[in-house]
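Note that the protein sequences, when read in sequence, are chains F and D. Position 69 (the first sequence) corresponds to 69 in our numbering; numbering is contiguous. Position 168 (the second sequence) corresponds to 168 in our numbering; numbering is contiguous.
Treat each hint with caution, since some may be false.
If several chains are the same, the list does not tell them apart, and a pair holds so long as it fits within one copy or across any two.
Below 30 Å or equal to it, Euclidean Cα-Cα: the simulated DSS-like pairs (lysine-lysine) are [as the list claims (entries may be wrong)]:
no.	residue 1	residue 2
1	LYS132	LYS98
2	LYS93	LYS169
3	LYS172	LYS206
Simulated from the structure, these hints should not be mistaken for laboratory data.
2 protein chains.
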Amino acid sequence: MLIDIQFLPSPPHSYLFSDRVVVVIDILRATSTMVQAMSQGALEIIPVATVEEAFQMAKVFPRGSIILGGERESKRIQGFDLGNSPKEYVAEKVKGKKLILTTTNGTKAFHFVSSGKDILVGSFFNIGAIAKRCIELDRDLFIFPSGDEGNFSLEDTVCGGMLIELITKKGKKPIALTDASQCAQILYQRLGANIIEAFRLSHHGKELINRGFEEDLAYCARIDITDIVPEFKDGVIRIH
Amino acid sequence: MLIDIQFLPSPPHSYLFSDRVVVVIDILRATSTMVQAMSQGALEIIPVATVEEAFQMAKVFPRGSIILGGERESKRIQGFDLGNSPKEYVAEKVKGKKLILTTTNGTKAFHFVSSGKDILVGSFFNIGAIAKRCIELDRDLFIFPSGDEGNFSLEDTVCGGMLIELITKKGKKPIALTDASQCAQILYQRLGANIIEAFRLSHHGKELINRGFEEDLAYCARIDITDIVPEFKDGVIRIH
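Could you build the full structure based on these sequences and the hints that come with them?
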């Protein structure tokens, strides 16, 4: 198995992922929110790029069957039911509902890799389950951190590095790493013992603190609280 | 001073470097070769993107005043005087000459950032001098690793991380680091004690070994063997 990770969230060449398992990571906070929502019983998630699309999409489904969630500049969007703090996504709000979600970085990332075959939703919440699923699928792996407004994201890469570390240690077959995946693994080995501290070093983590979302940092740093593996297929995220 | 580093060798947005000091790094081997050639008395270096351009450019200057150097697939180009092993660039061959150089990654990188104001040529050979110059210039810094055929390059990033480490430790003013520059610094702190080993972990290092250039790895890992600071301006590299 070859494991690669792309450090800048630009559209990757399709040859990099069309035959590979893709794991999309946006720890602060889109993929954390997605995993949380599905673990609390959301039926499916439709990630959309714009606020406009979210409202359009909402009209397609019966009232009461959907939840509108997401953020711009970290904050809940006017007219939306929920923001982008994973802790808002509790069973009493999301169980049995479709979630239409739009965020600054994470939802775009799914569209960049949408032609891939197996696209998994990764976060610290389900990192062990994601590693297990990647080992089962036993194909080359392409990790896609969603980045921070087009830039390299420290926290997403630490999570990608943890996935590499887990697969390298648990997998029974030889693993080949690219220069980038070696770098991500080293970053995890250095910062993984204190993930909240890694968040505090990151640009996006600092921004969330400044905007009043410091609690989300501790919330998103929790490891292996669920074993669900959400998959993105045909525009929709469902549990595998 | 803000220090940023771009991990993928795509053309950066001009706002990232137009007012900043730019340091281009292609350790294996273009910028190592450039620094070596200038330290051995080459008058100037003209980096060109294609072999064709190199031959065209050679016609412009009197015979005997120029040297054609470079590689494709790591090897010397037919009709060229020298390849891309820095150790070929000794005084008896290059002193008083103009060097026209074309390589796979490094020469392209200069053209990506050519509209920048101060563009410095960095390598382990002159890393201390580069750090000193960056501290003197006292402006924001944009480090541009040339990458490995469009991909993230471990060895260039280790060198970029060393530059960040030196400036952070020697500079007297507060330094701000982006997520990417923090990552590069961590990579250097982990791999910098044995640079040849870092080369051996890298894709490009392995490729050079396979192609018979293993000696270049030890050669390019030598730190602070010169204090020259070549600068790229108006298409030409000269010593500051």
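Outcome of the hint check:
| no. | hint | result |
| --- | --- | --- |
| 1 | LYS132 <-> LYS98 | within (27 Å within a copy, 57 Å between copies) |
| 2 | LYS93 <-> LYS169 | neither (38 Å within a copy, 51 Å between copies) |
| 3 | LYS172 <-> LYS206 | between (39 Å within a copy, 24 Å between copies) |
In summary, the structure is inconsistent with hint 2 from the numbered list given earlier, while agreeing with all the others.
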